[in-house]
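**Q** Given next are the chains, with one letter for each unit.
2 protein chains.
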Amino acid sequence: MHTLTVDLGDRSYPIYIGTGLLDRAELYTPHIKGRQVLIVTNETVAPLYLQRVKTALQQTSGLQVDEVILPDGEAFKNLDTLNLIYDALLEKRHNRTTTLLALGGGVIGDMCGYAAASYQRGVNFIQVPTTLLSQVDSSVGGKTGVNHRLGKNMIGAFHQPQCVLADTETLNTLPERELSAGIAEVIKYGLICDEPFYRWLQDNMAALMARDPRALAYAIERSCQNKAEVVAQDETESGIRATLNLGHTFGHAIESHQGYGQWLHGEAVGAGMLQAADLSWRMGNISAPELEALRALLQQAGLPVTGPADMTVDDYLSRMVVDKKVLDGRIRLVLLQRIGEACITSEVPRELLLQTLQAGNRLGCP
Amino acid sequence: MHTLTVDLGDRSYPIYIGTGLLDRAELYTPHIKGRQVLIVTNETVAPLYLQRVKTALQQTSGLQVDEVILPDGEAFKNLDTLNLIYDALLEKRHNRTTTLLALGGGVIGDMCGYAAASYQRGVNFIQVPTTLLSQVDSSVGGKTGVNHRLGKNMIGAFHQPQCVLADTETLNTLPERELSAGIAEVIKYGLICDEPFYRWLQDNMAALMARDPRALAYAIERSCQNKAEVVAQDETESGIRATLNLGHTFGHAIESHQGYGQWLHGEAVGAGMLQAADLSWRMGNISAPELEALRALLQQAGLPVTGPADMTVDDYLSRMVVDKKVLDGRIRLVLLQRIGEACITSEVPRELLLQTLQAGNRLGCP
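So the sequence lines, in the order shown, correspond to chains A and B.
Under our numbering, the first sequence has 110 at position 92, and the numbering climbs by one with no breaks.
Under our numbering, the second sequence has 300 at position 282, and the numbering climbs by one with no breaks.
Simulated from the structure, these hints should not be mistaken for laboratory data.
Fair warning: this is a prediction, and the values are worked out from it, not measured in the lab.
Any given hint could be a false lead.
Heads up, the list lumps identical chains together, so a pair's fine if it works in one copy or across two of them.
Said to hold, decoys possible - Okay, derived cross-link-like pairs now, EDC-like style, lysine to aspartate or glutamate, Cα gap no bigger than 20 Å in a straight line:
id, residue 1, residue 2
1, K72, E253
2, K72, E92
3, K110, D333
4, K110, D332
5, K110, E194
6, K51, D332
7, K110, D90
8, K110, D84
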């Protein structure tokens with residue numbers, strides 16, 4: 019087992035990465051301060067892992083362990099589903115010393131984290147991410163929240179967990195599409211701040227796709243390390259942290275246009291990263307071969323490399339304007355300065371942005 | 019105009035108290051950092067004051083000023099109504115530099131503040147309280163939130179405003195019942211931490227009930243000062259701040275039993291404070307004449323001095339257990355150590371608590 023620390027002063031917390039962590043009572047115990055735990059999970063994950071986590075927690079005598087099982091999917095990441103968590107907490111009379119435990123992917127982590135941020139004005143929570151995406155992304159950084167019909171993650175809070183348990187064994191049950199979606203975020207870390215890791219990914223993508231445990235553990239650790247460093251520098255996203263949103267402004271437009279849950283978040287980010295790279299190429303920041311190599315890497319990872327066929331330039335623009343990354347009406351984009359370094363700019367020539375959006379299925383074409 | 023500062027380090031903010039503040043553009047301007055403002059108000063307050071606030075804000079050129087008018091009352095302090103604020107923010111495309119402005123009583127302040135805490139993970143807000151209760155209580159201290167059907171203020175956040183404008187002229191339109199409800203909280207400050215103020219209130223209650231502007235301004239300022247001092251010592255209510263909840267555990271039980279909105283919050287707190295005082299008398303902390311004098315003061319303020327006639331001991335107990343002030347199943351109560359000093363205890367002999375609850379309409383009887 020490896021332990022990373024996210025350094026946030028008195029809100030610092032450890033990330034445990036390894037195999038078989040779910041069953042290890044001694045990893046949870048130090049992070050539970052009261053006598054109550056509510057496990058928040060979903061219909062897909064519950065049959066696989068709920069009992070193991072409960073058994074581990076029940077080794078602590080006198081601990082009241084409750085559970086709430088939510089419907090599965092991004093389409094349910096909303097205030098109505100959130101209310102099911104509040105219902106469970108109140109029906110089981112959880113007080114403000116309770117601990118919530120998120121057992122599932124990013125949607126569960128975001129909703130459980132936000133329930134923890136807002137229940138009785140803030141209680142503790144533990145993240146047990148069971149997808150690659152949530153292990154490398156949403157379990158690190160304290161962003162929590164739900165979607166609104168007019169925008170993704172529009173309601174939420176910054177709220178740090180007490181600890182994160184990333185058990186790599188849980189990836190064995192992950193559907194192929196979700197593995198790919200997670201790898202999209204892994205590639206992102208290479209692109210924005212870690213060129214050596216990007217090269218490593220080019221050499222080891224086949225191993226990752228074959229779920230080689232060593233390769234996965236390395237990719238998770240390196241990704242978390244990269245994210246933890248960025249988050250520690252900028253907890254509330256006033257500056258550098260925004261580079262973690264590479265591909266997200268395009269990606270959110272895709273997700274929002276298709277209806278949440280049709281494209282997986284990582285799939286939309288994959289296509290969005292390629293659009294960001296296409297625009298970076300048009301601005302002269304990266305070369306055509308580099309753009310082509312990224313496209314090949316995303317394809318090898320089983321990710322879409324174009325947006326939805328029916329999505330028009332106006333579809334993109336209208337949705338990009340409402341994105342949180344907009345300041346005073348100007349679209350601020352995260353682009354590549356080079357492979358391994360991102361930049362944030364609101365100085366994108368509009369015609370180049372339009373070219374990228376118009377290129378559609380033929381990204382990288384003039 | 020008087021200015022108090024709530025001292026919370028980099029979250030410190032001023033409270034302006036005086037007459038005619040609503041119209042003074044220069045009070046709002048320094049506290050608005052972006053180019054958008056959403057005024058959150060209700061159907062009762064909007065016809066009285068909305069246009070004046072809009073006119074003042076519109077003196078700042080280029081400022082986008084939007085409004086959302088909510089139904090009036092505690093019964094609407096819930097997630098559904100909160101969603102109307104999110105709808106307005108997203109439909110008008112407010113970004114994360116927006117400022118929300120709460121124009122109304124405590125319910126508006128709590129909901130607007132919580133919308134500000136959670137919209138895009140946190141934006142700024144300004145409080146313009148228009149009731150005595152909200153001027154002396156809910157606009158100071160950063161508590162925001164909404165009710166759940168199983169408990170009051172169960173969903174929320176700590177989120178400090180940029181500033182508070184308490185315009186005493188707005189109290190001229192306040193219904194009698196709401197004036198009394200506000201005075202309940204004013205009396206509370208005397209009881210828990212300011213005996214000289216309590217004596218002043220005994221001498222000046224008639225002037226307050228006659229809405230003498232000088233008396234009201236003094237009572238508001240002294241109350242805010244007391245609350246600001248307590249909050250500055252304990253922003254997130256881990257210790258002394260809990261004394262501000264004198265009467266609230268009983269009061270919340272009453273509100274919850276009657277259905278939110280039937281009793282005003284201040285009315286329930288008034289009756290609840292007398293129950294807390296009754297229990298304090300049974301424990302030997304205050305004398306029978308002191309208990310009687312408090313009952314007389316509450317009556318002079320037009321407040322109820324008994325709980326609902328049909329509320330049983332079990333009705334109280336079952337609702338007090340789910341209150342936030344419960345730690346690990348033990349009821350923690352705020353009581354009086356003496357007039358002018360509160361204490362927090364989980365050591366209340368159960369039989370004395372039962373006597374207070376059984377005494378019902380005959381508080382202070384053996």
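**Q** Could you run down the list of hints and mark each one as holding or not?
**A** Hints versus structure:
In the homo-oligomer, the alpha carbons of K72 and E253 never lie at most 20 Å apart, since the shortest distance is 32 Å inside one protomer and 35 Å across protomers. When the C-alpha separation of K72 and E92 is checked against a cutoff of 20 Å, the pair qualifies neither within a copy, at 25 Å, nor between copies, at 39 Å. Taking CA atoms no more than 20 Å apart as the test, K110 paired with D333 passes between copies only; the shortest distance there is 18 Å, against 45 Å inside one copy. Taking the closest pair of Cα atoms, K110 and D332 come within 20 Å of each other only across two copies (18 Å); inside a single copy the shortest separation is 48 Å, beyond that limit.
Neither within a single protomer nor between protomers do K110 and E194 lie at most 20 Å apart by alpha-carbon distance, with minima of 37 Å and 39 Å respectively. Within a single copy, K51 and D332 get their C-alpha atoms no closer than 51 Å, and across copies no closer than 30 Å, so neither meets the 20 Å cut-off. With identical chains, the CA atoms of K110 and D90 are never at most 20 Å apart, being 23 Å at best within one copy and 31 Å at best between copies. Taking the shortest alpha-carbon separations for K110 and D84, only the intra-copy value of 8 Å comes in at or below 20 Å, while the best inter-copy value is 41 Å.
Hint check: violations occur at hints 1, 2, 5, 6, 7; the rest are consistent with the structure.
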